[in-house]
Amino acid sequence: MDIGLFGQYLANGVMLGTMYALVAVGFTLFFGVLDVIKFSHGDVLMLGSFTGFTVYIGLLSLGIENPWVMIAAILVVSIITTAALGAIIARYLVLPLKSAPPLNILLITLMLGTAIREAVRLFYPDGSNPKAFPALLPTASVDLGGFALRADSVILVAAGIAVIIGLNLVINRTRLGLAIRAVAQDEETAKIMGINYTMIVLVTFAIGSGAAAFAGIMNGLYYNEVNFGMGLLLGLIGFCAAIIGGLGNIYGAILGGFLFAGLQTIGAVALPFASAYKDVFAFGVVIALMAWKPTGLIAERSSDRV
Amino acid sequence: MSEVLLEFKNLGKNFGGVRALDGFDMQVKRGEIIGLIGPNGSGKTTSFNLMTGIYAPSQGEVHFDGADITGMSARKVYEAGIARTFQRSRLCLPLSIFDNIMIGNHARLNTGLWFNLFQRRALRGQVEEFYTQARDLVAGFSEDLAGRMFDPVGSLPMIERRRIEICRALISKPKLLLLDEPSAGMTHDETAQMMDDILAVRDRMGGLSIIIIEHEMGVIERLCDQCVVLSYGRKISEGSYAHIAADPEVQSAYLGMD
Amino acid sequence: MQNKTIPDTRWMGLPHLAVGLIVIAAIALFGWQFLLADSEIAVLGMVALAAMAAFGVGKTGLNKSMSAAMRNHGRSMNIAILLALVCVIFLLGGEHFPLLMLTTTLLYMTVAFGLNAQFGLTGMVNFAGASFFGVGAYTAAVLTNHSALPPILILVAGGVFSALIGCLLIVPVVRTAGHYSAVVTIAFSVMFKTFLEVNDVLGGPQGLMVGPMKTFGWDFNSSPLLMGMELSFYVNYALLGAGLAALAFMFVQRLERSWIGLTLDSVRLDETASACFGLNVVRAKVLAFTFGNILIGIAGALYGMMISFIAPNSFSFSDSLLMVAIVLLGGLGSLWGTALAAVIVVLLPEKLQILQEYRFLLFSVVVILMLLFRPEGLMPRKVRSYFPNWRPEQ
Numbered sequence: 001m002d003i004g005l006f007g008q009y010l011a012n013g014v015m016l017g018t019m020y021a022l023v024a025v026g027f028t029l030f031f032g033v034l035d036v037i038k039f040s041h042g043d044v045l046m047l048g049s050f051t052g053f054t055v056y057i058g059l060l061s062l063g064i065e066n067p068w069v070m071i072a073a074i075l076v077v078s079i080i081t082t083a084a085l086g087a088i089i090a091r092y093l094v095l096p097l098k099s100a101p102p103l104n105i106l107l108i109t110l111m112l113g114t115a116i117r118e119a120v121r122l123f124y125p126d127g128s129n130p131k132a133f134p135a136l137l138p139t140a141s142v143d144l145g146g147f148a149l150r151a152d153s154v155i156l157v158a159a160g161i162a163v164i165i166g167l168n169l170v171i172n173r174t175r176l177g178l179a180i181r182a183v184a185q186d187e188e189t190a191k192i193m194g195i196n197y198t199m200i201v202l203v204t205f206a207i208g209s210g211a212a213a214f215a216g217i218m219n220g221l222y223y224n225e226v227n228f229g230m231g232l233l234l235g236l237i238g239f240c241a242a243i244i245g246g247l248g249n250i251y252g253a254i255l256g257g258f259l260f261a262g263l264q265t266i267g268a269v270a271l272p273f274a275s276a277y278k279d280v281f282a283f284g285v286v287i288a289l290m291a292w293k294p295t296g297l298i299a300e301r302s303s304d305r306v
Numbered sequence: 001m002s003e004v005l006l007e008f009k010n011l012g013k014n015f016g017g018v019r020a021l022d023g024f025d026m027q028v029k030r031g032e033i034i035g036l037i038g039p040n041g042s043g044k045t046t047s048f049n050l051m052t053g054i055y056a057p058s059q060g061e062v063h064f065d066g067a068d069i070t071g072m073s074a075r076k077v078y079e080a081g082i083a084r085t086f087q088r089s090r091l092c093l094p095l096s097i098f099d100n101i102m103i104g105n106h107a108r109l110n111t112g113l114w115f116n117l118f119q120r121r122a123l124r125g126q127v128e129e130f131y132t133q134a135r136d137l138v139a140g141f142s143e144d145l146a147g148r149m150f151d152p153v154g155s156l157p158m159i160e161r162r163r164i165e166i167c168r169a170l171i172s173k174p175k176l177l178l179l180d181e182p183s184a185g186m187t188h189d190e191t192a193q194m195m196d197d198i199l200a201v202r203d204r205m206g207g208l209s210i211i212i213i214e215h216e217m218g219v220i221e222r223l224c225d226q227c228v229v230l231s232y233g234r235k236i237s238e239g240s241y242a243h244i245a246a247d248p249e250v251q252s253a254y255l256g257m258d
Numbered sequence: 001m002q003n004k005t006i007p008d009t010r011w012m013g014l015p016h017l018a019v020g021l022i023v024i025a026a027i028a029l030f031g032w033q034f035l036l037a038d039s040e041i042a043v044l045g046m047v048a049l050a051a052m053a054a055f056g057v058g059k060t061g062l063n064k065s066m067s068a069a070m071r072n073h074g075r076s077m078n079i080a081i082l083l084a085l086v087c088v089i090f091l092l093g094g095e096h097f098p099l100l101m102l103t104t105t106l107l108y109m110t111v112a113f114g115l116n117a118q119f120g121l122t123g124m125v126n127f128a129g130a131s132f133f134g135v136g137a138y139t140a141a142v143l144t145n146h147s148a149l150p151p152i153l154i155l156v157a158g159g160v161f162s163a164l165i166g167c168l169l170i171v172p173v174v175r176t177a178g179h180y181s182a183v184v185t186i187a188f189s190v191m192f193k194t195f196l197e198v199n200d201v202l203g204g205p206q207g208l209m210v211g212p213m214k215t216f217g218w219d220f221n222s223s224p225l226l227m228g229m230e231l232s233f234y235v236n237y238a239l240l241g242a243g244l245a246a247l248a249f250m251f252v253q254r255l256e257r258s259w260i261g262l263t264l265d266s267v268r269l270d271e272t273a274s275a276c277f278g279l280n281v282v283r284a285k286v287l288a289f290t291f292g293n294i295l296i297g298i299a300g301a302l303y304g305m306m307i308s309f310i311a312p313n314s315f316s317f318s319d320s321l322l323m324v325a326i327v328l329l330g331g332l333g334s335l336w337g338t339a340l341a342a343v344i345v346v347l348l349p350e351k352l353q354i355l356q357e358y359r360f361l362l363f364s365v366v367v368i369l370m371l372l373f374r375p376e377g378l379m380p381r382k383v384r385s386y387f388p389n390w391r392p393e394q
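Residue numbers (UniProt numbering), protein chains in the order written: chain A, 1 to 306; chain B, 1 to 258; chain C, 1 to 394.
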């Protein structure tokens, strides 16, 4: 394979990996604080990108056309909206089921995801058709030996990685992060230490959902399209990534995200069958990985006390 | 047949860098009730889990009834004749009393697919036979409970649940019964009742050995022939209750004095 | 214990069996008319009527009498229900569309019974129900087109293939629990549909034709004659579907009312404690998973033959979720609840075209409310009684 094509695939893989890692980090944060899976995560992401799209339409109609202003507005509004939505889901759907069988929360959020997806399809104007998301970032490119590295790609990846690093710093270096980690370690003790448990849970869900909105906007800017079904696949991939990395571990989520993107790229490029099989291949490997390491590559702490 | 039913030789378990149990030697004779005591985190439940195959030991051996059962799976250990209760009651709450006890009787249930789906008459014979046995066992604890064999366990108070848990362990007629804090979550009177129950069980099932983990020293004093004291994963004392109660090392382990 | 008085649960002084038979007849009549109703208003009226009847049943003590009938006259009642179903099928006679709806409902019911063995009893949620259904349908498509196998064997083959594909998942599904197990079946579900779409041999996104069911010289796609009257060819499929649902019901019910059912429950509720009492957790999971997939696969094969044309879009993750929703709505482990929920989830949107477009939204919201406020389902499962007419305590 010539070096240019290789570079193209590599750039694409890194882009996907960053997006997946952003989604997976959300799954792992939720699991960390509450030991639950919030499967509606992907559809919250989709809602975030639709919110962003709506903001774009609104700004256009107001006559504001500066791309940087637009991006800032899109990001701020969609992140705030999804963060609020994440907190609301945690408050009204997840926390009330805290003492029910853990699978019920997975089920209820799966159903919520379907509801969000269907609601957008049915009630957003012309929601069942894909929407053309604007290319707001500069598209200038440098030629690197047969492959064009575009500025927007570089900006997106850099921003995505910055967000991941930022999240990691928040979790590991701030008082808020300390409280989140305390709740993740031991809910009871954290409560005794005076941590406002409910507040921390809600904030964690808000942060995770906000990160998903960021990934959603990234996705829109990269593919220049958003559609109502995008969240299902992205959510599932994020979930798979968090699981193969090892739930509850932020590095595991990042590892899982890039691993999945790598698998897709390998499936598209290096394997003998048609590139259309790349997702089949990637999911197949995920299933095989689950057989080999049932609790992920970076194993979760054992929770079944006897 | 040897006098000794169960023997630990230099048993140990590490969790990561934490040494939960270290060089533990112990013997249990047939028909004996042993009290296993020690502060929280001293390795009592860990030793139960090592015996019953939930964890594999990091070092040492477990011998039971003349056979080496070190590292055997939980199923094999149960089939060898060790049954247990759990620190936090682990009954299946939505299932009936009868169902819960039958889980303990699993080795004798015919779980063949053909038998269960098509030989309904034979299945009915087995259900009726085991029902009678389970009912008699429960009646030994409480006649009232024996009349409610098809009530869900979740509807019962704590003491009744403990009793069902003990019945579930006893129905398989084990040689060794492990009781993990049977008095947890019960009032003083209920605990006293529970002790009577346990002594009555031992009398009825001659030769049954019991190891009991307990924090209530009153329970230990009344029930146990021998006591073993653990602290930070090591055995620090053993002997009669009077002996260990007078042991200064035991006192300091409990009171935290040096 | 002999002299414990049994409270009189008879309804209006009638014997339980008589009450049971009357109720079955009433439901059959209702079902017949419901399937035929063609205006939205009529359908809405009948739904309201059914809701009121369900409410009234609880108030008048009819439900107690009904469950006594089911308990004491189980066999007669089951035969009566099956007969009533057959009557409804013949009464619908020449009506293509209602028969198609009825059969689809019966096949989804079969699927939900299979899922119930996996999820309701053993606690293994299978989010790939529609995929295994699809495996059955595609098996039927390939075999009817490329082999001379008698169709009845093709049905069996649908079940066997579905179980075999299930075996690919068995190692990860059995080794993992809860969330981890869920990701395996969800990933499989998405993977399966993508695979169908990109695979040219299986027709790609356009799908495949499926040959009709032919058995013992009886062509299922030709219209049978009854007393000189030509019936819809769907009558054949409806009868077979009814037989299949009845068999599936019987198998799962017997499974539940047995030591195996107890084992599965125990594995669901506490794996660690189960192992401590010698239960073979792996065997229980493999058995339940395979058993369920066989039922789902057979139903899928018959479904394929009936609609005679299949495409990947019928076997999507959303369809799998709808199947799980049936089980949740009915009540985990509750077979009659599952049957009722299958009728609600499959039949209602077909009859109320206005709902059709909104059905995924509607049922996901219903399940959310259910999980929040009534997690035990519409008809909660009762404590196991191995032989319902055997009550040693009374």
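I should point out that these hints are in silico values taken from the structure, not numbers from a laboratory. From a predicted model like this one, the values you see are computed outputs, not experimental measurements. Take these hints with a grain of salt, some might be off.
The calculated lysine to aspartate or glutamate pairs, modelled on EDC-like cross-linking and capped at a C-alpha distance of 16 Å, are [stated by the list, open to error]:
#1 Lys175(B) to Asp22(B)
#2 Lys278(A) to Glu197(C)
#3 Lys98(A) to Glu187(A)
#4 Lys9(B) to Glu79(B)
#5 Lys382(C) to Glu61(B)
#6 Lys29(B) to Asp189(B)
Here are some chain A residues pointing at chain C (derived, C-beta under 7 Å) [stated by the list, open to error]:
#7 Val76
#8 Asn104
#9 Gly229
#10 Ile243
#11 Ala270
#12 Pro272
#13 Tyr277
#14 Val280
#15 Val285
#16 Pro294
Positions of the beta carbon are idealized from the N, C-alpha and C atoms, including for glycine.
Legend entry - Unmet hints by their number, sorted upward, for this structure: Per hint list: 1, 4, 5, 6, 7, 9, 11, 12 and 15 violated.
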